[in-house]
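Enquirer: In case you want the letters, here they are:
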Amino acid sequence: MKQWLTALALLVWLPLAGAAIDARPFEDPEQENRYRQLTEELRCTVCQNQNLADSNAELAVDLRRKVYEMVQEGQSDDQITNYMVARYGDFVLYRPPMEPATYLLWFGPALLLLIGSISLVVFIRRRMAVSVADSDELSSDERQRLEHLVGADSKKGGQR
Amino acid sequence: MKTRFLAPLMIFGAMVGLFYFALMQIGQGDYNPRDIPSPLINQAAPAFDLPAVTSDGSVSSAVFAQHQVSLFNVWASWCVACRQEHPFLMDLARRGEVPIYGLNYKDERADAIQWLNRHGDPYVTSGFDLRGDVGIDWGVYGVPETFVIDGNGMVRYKHVGPLGPESWEKKMKPVIDRLKAESS
Chain A
1 MKQWLTALAL
11 LVWLPLAGAA
21 IDARPFEDPE
31 QENRYRQLTE
41 ELRCTVCQNQ
51 NLADSNAELA
61 VDLRRKVYEM
71 VQEGQSDDQI
81 TNYMVARYGD
91 FVLYRPPMEP
101 ATYLLWFGPA
111 LLLLIGSISL
121 VVFIRRRMAV
131 SVADSDELSS
141 DERQRLEHLV
151 GADSKKGGQR
Chain B
1 MKTRFLAPLM
11 IFGAMVGLFY
21 FALMQIGQGD
31 YNPRDIPSPL
41 INQAAPAFDL
51 PAVTSDGSVS
61 SAVFAQHQVS
71 LFNVWASWCV
81 ACRQEHPFLM
91 DLARRGEVPI
101 YGLNYKDERA
111 DAIQWLNRHG
121 DPYVTSGFDL
131 RGDVGIDWGV
141 YGVPETFVID
151 GNGMVRYKHV
161 GPLGPESWEK
171 KMKPVIDRLK
181 AESS
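As they're listed, the protein sequences go chains A and B.
Residues in the first sequence are numbered from 1 upward in steps of one, following this note's numbering.
Residues in the second sequence are numbered from 1 upward in steps of one, following this note's numbering.
So that you can see chain A by itself, here it is in the shape it has in the complex (with noise of 0.2 Å):
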């Protein structure tokens, strides 16, 4: 019981010790939630879909430690992605500014939206009016076919 207990407890604990990688000390909790900001919204740019914060790749760790050094000496966020810009471009960035280049990117997820939602509504109003169509009359193929079917029927039905 105890085993399963002490197994319980390091389950719960487990997804907590990834979040706190590196113990940095702060003595302002908004430079501490700035600092995880930033980490957040930064990418790494060796595991390239990870932001810095989920990262333990070395420059990641590095890249943090960096983070941390300009939060303390009173750097503002924009002043941090600059100097992160400057040197990996807007790459590093999880929301890169807009720009030609990255209308794409933008809008491309909008785009496909509209382009699906379009299509759903075509098919739809087109599958209405087959089944109206449908629905009243019979063509005389049909009619045809189903007096065939009836007539047949019966037959079988006189005989017995």
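Because the hints were derived from the structure by calculation, they are not lab data.
Some clues are possibly wrong.
Here are the simulated lysine to aspartate or glutamate pairs, DMTMM-like style, with alpha carbons at most 25 Å apart [stated by the list, open to error]: (1) A/Lys-66 with B/Asp-133; (2) B/Lys-106 with B/Glu-166; (3) B/Lys-106 with B/Glu-169; (4) A/Lys-66 with A/Asp-78; (5) B/Lys-106 with A/Glu-69; (6) B/Lys-158 with A/Asp-90; (7) A/Lys-66 with B/Glu-169.
Keep in mind the model is a prediction, meaning the values are calculated, not measured.
We have chain A; now place chain B onto it with these hints.
Expert: Then chain B, alone, in the frame of chain A:
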């Protein structure tokens, strides 16, 4: 209207074509999806002043002004791809076309010296960047990296990953030849 059922097949075919094209580009070294365009291109080389790896002297960014063109190669003894690249750098240094300066990135000094002794030292001299601060200033993210610096101390080209005869002929040499032609 009757060919409409072919649409998914055609989309599939188009995607296969696209992926094949991308893979070929990657295979030939023309495209690396992990490449990050460097904002340093056509900017002044970030200044540094570091202790040299193999001597008591120092290496600073002023050295680039002494040559028409020079290479700045980021390396480390722990870097496997550097080992792969190393024979080519040795070859390049022997040919003497262009001086190569090194940035020994986040390494132990003893390891770095041992590495140079064992495999040869293609560098005019290497700066010792223990904390990786100069690496950050240069936007280093994947060792080895090689920068081309012109005589005015401007960064003109960056190659990420090991250099080899192919990437040299295709990419770096044309830049160097152009710069040499421009400055002479």
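Enquirer: Of the hints given before, which are not true for this structure?
Expert: 2, 3, 7
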